[in-house]
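I would like the entire structure built from these sequences, with the hints used as guidance.
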Amino acid sequence: MSTSTAHSVVEPSRLTRTIAGTLVIVYALVTMVPLAWIFLTGFKTPPDSISYPPKVVFEPSLEGYVNLFTTRTRQTPDYMASLPPPQTWYEELVRSRQMVIAGPSKFGERFLNSVIIGFGSTFLSVFLGTLAAYAFSRFRVPLADDLLFFILSTRMMPPIAVAIPIFLMYRTLGLSDTHLGMIILYTAVNVSLSVWLLKGFVDEIPREYEEAALIDGYTRLQAFVKVVLPQMATGIAATAIFCLIFAWNEYAFALLLTSGTAQTAPPFIPTIIGEGGLDWPAIGAGVTLFLLPVLVFTILLRKHLLRGITFGAVRK
Amino acid sequence: MATVALSGISKQFGRTLAVDDLSLTIASGEFVVLLGPTGAGKTTTLRLIAGLETPDGGSLHIDGQDMTRMPPAGRDVAFVFQQYSLYPHLSVFDNLAFPLRSPARRVPEDEIRRTVEAVANMLRIGHKLGNRSTQLSGGEMQRVAIGRALVRQPSIFLMDEPLSSLDAKLRADLRLELKRIQRELAATILYVTHDQIEAMTMADRIGILSEGRLVQIGTPRQIYEDPDNVYVAARLGQPAINVLPVGVIPAENAPDAAFSLGARTEHLRIAAADATSANARLDWVEHLGDQNHLHIRIGDFRLTTLADPASRLAGEEAIRVEAVSPLYFDEDGNRIR
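Sequence lines, in order, name chains A and B.
If you count by this note's numbering, then the first sequence holds residues 75 to 390, one letter each, in order.
If you count by this note's numbering, then the second sequence holds residues 29 to 365, one letter each, in order.
Hints are computed from structural coordinates only; laboratory data are not their basis.
Source: prediction; values computed, not measured.
Some hints here could point you the wrong way.
[Unchecked claim] Which residues of chain B face chain A? A partial, calculated answer using Cβ under 7 Å: (1) Gln40; (2) Arg43; (3) Ala78; (4) Leu80; (5) Pro100; (6) Ala101; (7) Phe107; (8) Phe109; (9) Pro127; (10) Ser130; (11) Ala132.
Glycine residues also receive a C-beta, built at the ideal position from the N, C-alpha and C atoms.
Printed below as a string of structure tokens:
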């Protein structure tokens, strides 16, 4: 074996760093081009959005966002001329297309549904996962290993494989197109991930902490809340992000099981129809707004997320 | 402080008998050290007293009350763990206040502050109260851990090798400090260790554990000078006692039943000798600074002993070794007195 290595084993060399940096940048560009495309589309006019070759330089317009939040009707020139002057900038924008605003669109409601169902199921998954993970980690659960495998096995098939049974079940139970139904469904899918991730985090917390608290006069539940939970914060944050991302982005079940009151944003956005086809700027605007909450949530918890992902791999 | 009495306590984990019919009474204000190698059942004994384990048989009385089935919170004991003793998410102050803030206790906050400050000053960590518990040195952490036990007046302090993760210097300091605090508070302490120096210096009584059984209990002097068997004799003394078959070393009036002979430094008379009187050979002298270890070969056996400071033995020479009233053991290793 050669012993004359000049560089340190721990510190990456300049060349390694350059290669790694280049790879990261290339990868980031590849993944971000579609995002940039959809973001820019949100600020194009409908003709610009479908022009060929695609326009990279264009005059930005808020028409997509106006269309996203409104429903509009086309009117005759006579009627348009009879109207009083427009009160707001968006009315003016709509009238320049020979249309008037008929009312708000359903986007707000659908977005709110996504928030309720996404955060509701995330909270429930993490809550149930925390308790189950604690029990599996600390108590002698009969058949614990088999149960854990069973929980994990629910993740082994693509959830959509059970779409038809769930569709029939939900119809019978009256859970179709309800917030509760969607929260339960996403929780059922996420709870396996949540139990497994969180069990890893609980396993990392030495039992001595709780035992010390028990001896100090706390009950097991109090010890859990005062001693275990604060130390699980990182794991809970990381798990919550994973659960939220799944529930927020889920498309297939939402398309199948919701159509009205509980419809989430993902199945709604692609159906935004303009004149003569899909309204691409409105879709671009909807996707952009739809990405924001997960982005903000992830940024808020990013410190925990980074620590959470490497947790267990590195001993402190 | 209270009397703690274990009678006939047993605990089994799977097929391993961790604690086997253990009976032990710790008087109020007494410092008892349980000494034994890893796996002897020391920690399990502490956990049984704390209520972290439930015994399979036997009973536990604290201050005359039956506590065998009482959950840990109701036993009023304090436990100092070997490590992981501080809550990483709390400050030093909050760590020390934690036992007092238990919902079962309801101590007013200003009283908590007074108690915590008093204990912190006693342990000389008063200036660290605002620190996060993770920003302390090893010695400070262990002081805080001991402080967490001291903030309330429990019936007994249970300490599980609290000093074993520290370096030698700190261990020596904290050993003295712990003994001082114990005297000041007249605290009842059951202390578990495998370090014979800790046992010798701090204990009022030492209990020797082997495979879950209490082999012998007595004052450090009794255990050292008057062990019941080979196992106990081997636990104390540095260098360890030399156990040889009878007859290898010349000794006067060996009892008839004697099978082996145990010789510590004070039982050996060593002198340089000429070829005719020599019965052993000095292999080498190990200089440890304050003391010198002699490594001696006698027949097929080896001895290690301390050198008399006045001796001029230098190594690689013929010597004569004699035993002077050593300890005798029978075939089963039991002491013949």
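These are the hints, each one checked on the structure:
1. The interface hint given for B/Gln40 is violated, since its Cβ lies 15 Å from the closest Cβ of chain A, which is over the 7 Å cut-off.
2. The interface hint given for B/Arg43 is violated, since its Cβ lies 17 Å from the closest Cβ of chain A, which is over the 7 Å cut-off.
3. The closest approach between the C-beta of B/Ala78 and any C-beta of chain A is roughly 5 Å, which is under the 7 Å cut-off, so the hint is satisfied.
4. A hinted interface residue such as B/Leu80 counts as satisfied when its beta carbon comes closer than 7 Å to some beta carbon of chain A; here the least separation is about 5 Å, so the hint holds.
5. The interface hint given for B/Pro100 holds, since its Cβ lies 4 Å from the closest Cβ of chain A, which is under the 7 Å cut-off.
6. Interface restraint check for B/Ala101: the shortest CB-CB distance to chain A comes to about 5 Å, inside 7 Å, so the restraint holds.
7. Checking B/Phe107 against chain A by beta carbon gives a least distance of about 5 Å; that is within 7 Å, so the hint holds.
8. Of the supplied interface hints, the one on B/Phe109 holds, with its beta-carbon coming within about 5 Å of a beta-carbon of chain A, less than 7 Å.
9. With 7 Å as the threshold, the beta carbon of B/Pro127 comes within range of chain A, its nearest partner Cβ sitting at about 4 Å, so the hint holds.
10. Evaluation of the B/Ser130 hint against chain A yields a held restraint, the C-beta minimum of about 3 Å falling below 7 Å.
11. With a cut of 7 Å, the hint placing B/Ala132 at the interface with chain A holds, because the nearest CB-to-CB distance is about 4 Å.
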